[in-house]
Amino acid sequence: MAHGIHLPVAEAMIVMLLVGAAWLKLWPPRIDRARALTVGVLAAAVGLAAWAAYWLYTLNDNPTMEGLIFVAHRGTVVHLFGVDRLSAWFALVTLVVSAVAVLGAERARLNTAALAGLLLATAANLLVIFSRSLWFMSLGMLAVAWLVPTLRRRGAAAGGGRLMARTYLGLGALALLGATVTLAVAGNDVWAFAGASALTDLTGQARWVVLGLGVVAVLTREAVFPFHGWFVTSAAEDPAFAPATTLLPHIGVFLVLRVLMPSFPSELAALLPLLAGTAALSALVLALRATVQRSFSRAVSLMVLSQSALVLVGIEAQNMEGVAGGLIAITATSIAGVALLVTSGFATSRTGDPDLRELSGLGASTPRLASAFLAFGLAMVAFPGTVGFIGEDLLFHGAFEASVPAALAIIVAAALNGYMVLFVFSKAFLGPRRPSAWMTDLMPLETVVVLLGLLFVVGFGLFPQPLLWAHEAVAEDVSAFVPASAGHGDDGELPPAGVDRGAH
Amino acid sequence: MNVDFTFISWPHFALSLVVFAPLVSFLLLALALVLQVEIGEARIRRLTIATSAALVLGMTALIVELAMAGQGFAVDFGDWFHLGEYAFELHLFVDWPAIMLGALAAILTGVVGAFSSSYLHRDEGYARFFLLFFLFEMGIMAIAFAGNIDIMFGGWELLGLTSALLIAYFHRRSGPVNNALFAFAVYRLCDVFLLVAAVLFHHYGIADAFAGVAEHDLTAAVSQLSSSEVLTLSLLIIVSAMGKSASVPFSGWLPRAMEGPTPSSAIFYGALSIHAGVFLLLRASPLILASDIARPTLIVIGVLTAVHATFVGRVQVDAKNTLAYASMAQVGIMFVEIGLGLEVVVMVHMVGHALSRSLQLLRAPSLLHDHHRIESAWGELLPRAGQHYERFLPQALRTRLYALALQRGGHDELLERLLVRPVLWVARGLEALDGLVEGVFERRARAGAGAGAAPGEEG
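Chains as they are written, first to last, in the working numbering: chain A, 1168 to 1671; chain B, 21 to 479.
No lab work stands behind these hints, which were simulated from the structure alone. Careful: at least some of the hints might be erroneous.
[Said to hold, decoys possible] Okay, the calculated bits of chain A under chain B, using three or more residues with CB under 8 Å as the criterion:
no. : region
1   : 1450–1463
2   : 1561–1571
[Stated by the list, open to error] Only part of the chain B face toward chain A is listed, based on derived beta-carbon distances under 8 Å:
no. : residue
3   : A188
4   : R192
5   : V212
6   : H223
7   : D454
8   : E458
9   : R464
In this text, a Cβ means the ideal position worked out from N, Cα and C, and glycines have one as well.
The task is simple: from the sequences and hints, build the whole structure.
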């Protein structure tokens, strides 16, 4: 049994965000102070998550930080919240992505309601991540589904995107709730849910029903084809806050790792190839759709969504390389993806998201924005020297071992997305400058945020090992539920060369 | 990066200069541009000179090392990253083919760098040119000294991106931008094949045999593979090389690439980038020569490319395009030479072609001036180029061939019809399907908005 300590780290993070949201709602300050407050709260939560992660990663035996809130259940004390390496890492990604979205959001489009909604949605995501109870996980998913339409930036037209997001995300949340109810009715422990050991009373068809509902929850939350439409439309209405609290934390992947894999290892072993194929198909379909987009924001959101689908393919490859590659790809696509969406948000908010054919030569007035867009775009499509390359290298190898068709599909998707990054960049920022296409370049704060993001994607792209150490620990925890790596028939040493100069 | 510095040898030092000096220059220049530090042409020129000096010094040291060693040797920089049993190893390899390409790159980038310093004087994209130039240098060196296919792929990607961005150098016009996208699309299409090949190399356990000592290791590795595996790998690599080297039917991007500035045309399409495919084939030649299908396929592709380029080149009306097709023809011949197993001939051919073509491309802007100078020295008009085989062809056939050559063999239309249109048709179909679903929600949202304010409205 893993050892642990009792510290209300999880509760503290969630409460911090809730208090911040309440403050924004009840005593809304001026927008600058509202943003500063939001960033401050998120930064504090990031600091707490980072400290927890550091403590957990420096110990062996998969330690945990148990929370203080508990209930008496079935004669035992059940701590409702806890932090382990997996949840600490997902929490970090969730919080950082939200922080980047807030820092990068254009001031003129901010409003306190959206900032409060972001904090609430982030708290809801943390509720899913840290909770031991399936009830709270379901509650967190429902809360995000309800909140995401409120994340609309000021001035954005209310369209079908909000309704679509609420419908699909609500469907996923209800699926998880349905699974929870089914488990509870069958007499299983859903308060201290601990994977397979909690499913002692679930047999036969009921297992497949619960698994199926769980898969629906995952696919809707990860916006995998055919449950993908909500992301494109909601990202068009808000390119930063909505993606940062729905897709980019990859809560769906978390559910796979935390709930589905430990609980249904044999069923998933049979089902995962199908799921991997679905995710690979999703990546390819979305990349294809991006090629015929006329809208700047829709093209970018489809690219981000397509690259995000690769994560599931890696996780579902059921080998160490695929899982680790998927985890690293989460970090890469989340950070680079939110940065790319934020930069595209700058462009579309200032030009009104016209047809790509009407955009041209924006780079003449916005060289910093253009450079940022290209850099983050290349990072997202795994260009060598960026953090995305590390994850995708592992992911491709892992996926190939699991399923050749899926691997080929994601390779083609990645190639298409790489072309589309340059296509959108060229159409929007290069070419003859049109009189109507004028906008201001990045402001100082926006430039600082961009520089920090570039430091991350290029720094870890060139020196990835620290990031890999962190992911290795998580991958080891997860690997308890995956078969041993099939591995390649691999090359451990250099081939016998004539004179091996410089080897050691 | 788990790079091992415990044992710094001359090969380590020399290869670090050769491969990483351009990266350092790129990062320095990139940092200056991002921070908007005023960096004038003089400083960039000094940085270029320093980089070239590092390349020359490194190459000299490597040549001496190789001569003393007598045969190729591997240099291990440890793992770039590792996780569990998997590691991306920084294995570089030094042998005569690598030295040949590396030396060529060092010399030509130095010459072109010096040329560009004055050619692009006071051009607004001066810094941007050299930023991409340094990245290109690193890419070509990574390809030259790649000890495994992963590093080769990394350099390959760098080459593709820098090539596309330099074609779009004169980005205020839509022509160069569209041509850059065309070239990049062809690169990405063919890069898929190289990536699949890289994954397969690992899958078959021969990733590090990619650059063996002479042909020992890859030849030994090939003997462990089945004929279908050899064929698959060979064909994947051939298609990858076809894209970068502008072989039929992926040749349409090359004349479009002439939109870029003359220095980049010289170094990319006369000297180095266009020969990257040839070098890849050279490295993989034990695979190709072991396959009874891949080998004649490569020869046929080479012949078709050479014939196509010869015909089309003869109807070009500007110097750079003529030279581009001339390069294409020579690369086609090199493909044939590789298919015939004439590796030494290929290397000599490549070096000679790269040097002479670079000179021609660099002199292209001065072509008319040179022509008039020669005529002045000659004292009379120079005789026009005579007819050759055209004399033996009937007029009707000549006209048809002329029209076909003007259309560049119709390859672009063929690719568009067979590849682009079906893909776009599928994509539009998918978009229409999703549009139906989105339309339903849009109508319901409007109906709800008509009934009252939607929740979450913000003032």
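Now the hints, each set against the structure:
1. For the region 1450–1463 of chain A, the stated coverage by chain B is satisfied: 6 residues place a CB nearer than 8 Å to a CB of that chain, which reaches the threshold of 3.
2. Remark: the region 1561–1571 of chain A is confirmed as covered by chain B, as 5 of its residues place a Cβ nearer than 8 Å to a Cβ of that chain, reaching the required three.
3. Annotation: interface hint on B:A188 holds; nearest CB of chain A at approximately 6 Å, less than 8 Å.
4. Because the smallest distance between the Cβ of B:R192 and any Cβ of chain A comes to about 6 Å, under 8 Å, the interface hint for this residue holds.
5. Hint status for B:V212 relative to chain A: holds, with the closest Cβ pair at about 5 Å, below 8 Å.
6. Proximity of B:H223 to chain A holds as hinted, the smallest CB-CB distance being about 5 Å (cut-off 8 Å).
7. For B:D454, the suggested interface contact is upheld, since its CB lies about 6 Å from the closest CB of chain A, less than 8 Å.
8. Using the Cβ-Cβ criterion of 8 Å, the hint placing B:E458 at the interface with chain A is satisfied: the shortest such distance is roughly 6 Å.
9. Using the Cβ-Cβ criterion of 8 Å, the hint placing B:R464 at the interface with chain A is satisfied: the shortest such distance is roughly 6 Å.
The earlier numbered hints are all upheld by this structure, with none contradicted.
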